[in-house]
Amino acid sequence: LENTDDLSSFTDAALAAEVMDKLGKAGHYTLFAPTNNAFDKLKPGFMESITENQEVIKALVNNHLLNSVQCAEAIMAGTVYETAEGSTIEIGCDGDSLTVNGIKIVLKKDIVTSNGVVHLIDQVIMPDSAKEVWELMDDSQSTFSDLVSEMGLAASLGSKTEYTLLAPLNAAFTEEVMSQDETLLK
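Going by full-length UniProt numbering, the residue at position 90 of the sequence shown is 90; the numbering climbs one at a time, nothing skipped.
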């Protein structure tokens, strides 16, 4: 990694996460290494903000690492693998291309190393611990999400504040609730 200019951002993250030692040791690993361009796509200041939190930067790096060797030819379509971070990613094939979580992000596959294989990717695979609470809501909470945005409250849910958000499911927003005066909903 250290000898590849296009991976300097990931190398910096791996060094900050204290994972470089693991990557340099004997073992059987698959690394989905995001290029510098992948890191450039992140929102400004994101890497600086998570580098301050050892657990989050370590989770981010380990979310790109499998504790087994997975060459492109051996991957069965839609196979789910556990990352070194503990979450899962789905690796598949779309013609000659590899996909991660259903998206064609693999730029170059099967770079064989002494302890595994590296696939270069053009997107950072974000673990939940590196996301803002707002990003973790799914379609079942879209009404709440829309209301927060419409009322101009989204800025108060920024990453600078620690909080617990109890976001109701869409089913909680009955016709009676939705007909309430907007000031009551705030």
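Hint data in this document are derived by calculation from the structure and do not stem from the laboratory. It is possible that some hints are incorrect.
To be verified - Listed next, the in silico SDA-like pairs over lysine to any residue satisfying Cα-Cα at most 25 Å (straight line): (1) Lys-41 - Glu-73; (2) Lys-25 - Ala-77; (3) Lys-43 - Ala-16; (4) Lys-131 - Glu-90; (5) Lys-109 - Ala-77; (6) Lys-41 - Glu-52; (7) Lys-131 - Ile-111.
Okay, the hints, checked on the actual structure:
no.	hint	verdict
1	Lys-41 - Glu-73	violated, 29 Å
2	Lys-25 - Ala-77	violated, 30 Å
3	Lys-43 - Ala-16	holds, 19 Å
4	Lys-131 - Glu-90	holds, 19 Å
5	Lys-109 - Ala-77	holds, 15 Å
6	Lys-41 - Glu-52	holds, 20 Å
7	Lys-131 - Ile-111	violated, 29 Å
Checked against the numbered hints given earlier, the structure breaks hints 1, 2 and 7 and satisfies all the rest.
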